[in-house]
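Build out the structure end to end from the sequences listed, making use of the hints.
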Amino acid sequence: MIRVVLPYHLRNLARVDGEVHLRVDGEPTQRAVLDALEGEYPVLRGTIRDQVTQQRRAFVRFFACEQDLSHEPPDTPLPEAVAKGTEPFLIVGAMAGG
Amino acid sequence: MTGVRVLVGTRKGAFVLTSDGRRQQWDVSGPHFAGWEIYHVNGSPADPNRLYASQSSGWFGQQIQRSDDGGRTWEPVGNKFEYEGTPGTHQWFDGTPHPWEFARVWHLEPSTTDPDVVYAGVEDAALFRTTDGGQIWHELPILRNHPSAPSWQPGAGGMCLHTIKLDPTDPGRMYVAISAAGAFRTDDAGATWRPINRGLRSQGIPDEDAEVGHCVHRLAMHPSRPDTLFMQKHWDVMRTDDAGESWHEVSGDLPTDFGFAIDVHAHEPETVYVVPIKSDSEHFPMDGKLRVYRSRTGGDEWEPLTDGLPQENCYVNVLRDAMAVDTLDECGVYFGTTGGQVYASADAGDTWAPIVRYLPPVLSVEVQTLP
Numbered sequence: 001m002i003r004v005v006l007p008y009h010l011r012n013l014a015r016v017d018g019e020v021h022l023r024v025d026g027e028p029t030q031r032a033v034l035d036a037l038e039g040e041y042p043v044l045r046g047t048i049r050d051q052v053t054q055q056r057r058a059f060v061r062f063f064a065c066e067q068d069l070s071h072e073p074p075d076t077p078l079p080e081a082v083a084k085g086t087e088p089f090l091i092v093g094a095m096a097g098g
Numbered sequence: 001m002t003g004v005r006v007l008v009g010t011r012k013g014a015f016v017l018t019s020d021g022r023r024q025q026w027d028v029s030g031p032h033f034a035g036w037e038i039y040h041v042n043g044s045p046a047d048p049n050r051l052y053a054s055q056s057s058g059w060f061g062q063q064i065q066r067s068d069d070g071g072r073t074w075e076p077v078g079n080k081f082e083y084e085g086t087p088g089t090h091q092w093f094d095g096t097p098h099p100w101e102f103a104r105v106w107h108l109e110p111s112t113t114d115p116d117v118v119y120a121g122v123e124d125a126a127l128f129r130t131t132d133g134g135q136i137w138h139e140l141p142i143l144r145n146h147p148s149a150p151s152w153q154p155g156a157g158g159m160c161l162h163t164i165k166l167d168p169t170d171p172g173r174m175y176v177a178i179s180a181a182g183a184f185r186t187d188d189a190g191a192t193w194r195p196i197n198r199g200l201r202s203q204g205i206p207d208e209d210a211e212v213g214h215c216v217h218r219l220a221m222h223p224s225r226p227d228t229l230f231m232q233k234h235w236d237v238m239r240t241d242d243a244g245e246s247w248h249e250v251s252g253d254l255p256t257d258f259g260f261a262i263d264v265h266a267h268e269p270e271t272v273y274v275v276p277i278k279s280d281s282e283h284f285p286m287d288g289k290l291r292v293y294r295s296r297t298g299g300d301e302w303e304p305l306t307d308g309l310p311q312e313n314c315y316v317n318v319l320r321d322a323m324a325v326d327t328l329d330e331c332g333v334y335f336g337t338t339g340g341q342v343y344a345s346a347d348a349g350d351t352w353a354p355i356v357r358y359l360p361p362v363l364s365v366e367v368q369t370l371p
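Listed in order, the protein sequences are those of chains A and B. Numbered according to this note's numbering, the first sequence spans residues 1 to 98. Numbered according to this note's numbering, the second sequence spans residues 1 to 371.
Note that these hints are calculated values from the structure, not bench results. Please note that the accuracy of each hint is not assured.
Partial chain A-side listing against chain B, Cβ under 7 Å, derived [claimed, not checked]:
#1 His9
#2 Val43
#3 Gly46
#4 Gln51
#5 Val52
#6 Gln54
#7 Phe59
#8 Gly93
Predicted model, so just to flag it, every value in this text is computed and none were measured. Glycine residues also receive a C-beta, built at the ideal position from the N, C-alpha and C atoms.
Have a look at this one:
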């Protein structure tokens with residue numbers, strides 16, 4: 001299972017507490033994880049990546065294993081620790097705003 | 001017992017304020033969608049328990065929320081707003097072509113007859129419609145394909161379609177307003193559109209009488225006279241009596257004719273309300289006095305309404321979608337401020353009192369009169 005940590009507002013929107021656990025078929029990539037996440041929680045479509053262009057929203061970042069994966073191509077395999085579920089895939093909202 | 005429900009959108013959530021017909025004691029519910037910008041909450045005239053809210057965030061984009069129980073519970077519905085065809089370009093602030101990009105929904109206007117039909121005015125300016133209660137939204141693209149569209153430019157707040165007025169006597173007729181393009185009308189349910197800006201004069205554009213390019217802030221219409229519209233333009237309060245074919249200025253003796261909000265009394269089509277705001281740049285009430293101005297003559301002659309409103313050290317703004325009226329026998333008038341107050345008058349503006357004082361900045365106010 002892939003462990004995903006959502007930011008506060010998206011946890012509220014999806015009505016979940018804590019981590020989300022997702023089953024991803026095949027090699028886990030950023031795209032595969034987001035596809036699985038949006039499939040499980042359709043309300044999250046458009047909140048992390050644009051629904052039309054599939055581009056990551058500007059103030060959203062992807063972290064895992066103390067690395068910023070935000071600028072990785074979406075089909076790059078995620079770190080093995082994420083794939084094994086020992087480390088979570090973090091979806092982070094930028095710390096900014098009033 | 002008859003009552004009212006005031007729907008308030010703020011920078012940090014939505015609030016629902018309810019009262020009985022006396023409008024003295026208020027119940028405050030919220031914040032709903034705490035932390036999100038709520039540009040607009042509006043109810044269906046055909047089913048007062050059906051509400052729609054535009055919820056957006058610079059981080060996480062657009063959501064549309066729907067309530068079927070008058071705002072007690074909400075469910076997210078469709079949030080995909082995709083421009084029809086190739087989006088094309090409009091002018092950017094520096095005059096260069098800029099691709100149309102969806103930013104947010106500014107205004108939701110439910111049909112007068114069908115609670116599942118809603119129009120959405122969005123930034124970058126376009127008009128969308130749902131016919132299934134908000135699940136799927138389709139653009140009405142003819143407006144954005146108007147030959148003048150590549151010349152449209154954003155105002156300081158973005159290039160937004162912020163006003164939608166449906167003619168209750170003619171299902172094919174609709175008015176919209178775009179900052180800073182102007183007002184447009186369709187007579188065939190969106191199959192064709194044309195600018196209706198003749199008579200507007202705007203000093204901030206190269207051709208003061210241009211067909212498009214005017215910074216219209218808001219339109220108001222009394223349902224019994226759908227050919228008569230009142231307009232608060234960036235400068236000037238305007239009036240048309242021929243569905244926008246021609247406009248004339250009715251600013252009259254206002255202390256300043258800049259402002260955002262404008263509305264019409266529920267039972268007196270010649271009674272109009274505005275909130276004059278000092279501009280350019282300051283965008284707060286003149287002399288620190290929050291004054292609503294009322295005309296009982298359809299414009300030109302205006303009286304300040306001050307009883308119950310702060311008359312010193314007040315530097316809030318009243319935004320374009322933040323004024324509304326109820327339809328009780330004695331018309332109630334409501335407005336919200338960027339300082340977080342929502343004021344109500346149960347006597348058509350003669351006296352005012354705050355319903356709430358400390359909300360986040362108020363973006364929109366709508367009122368439902370409940371059976």
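**Request:** Could you tell me which of the numbered hints above are not met by this structure, giving the numbers in increasing order?
**Result:** 6
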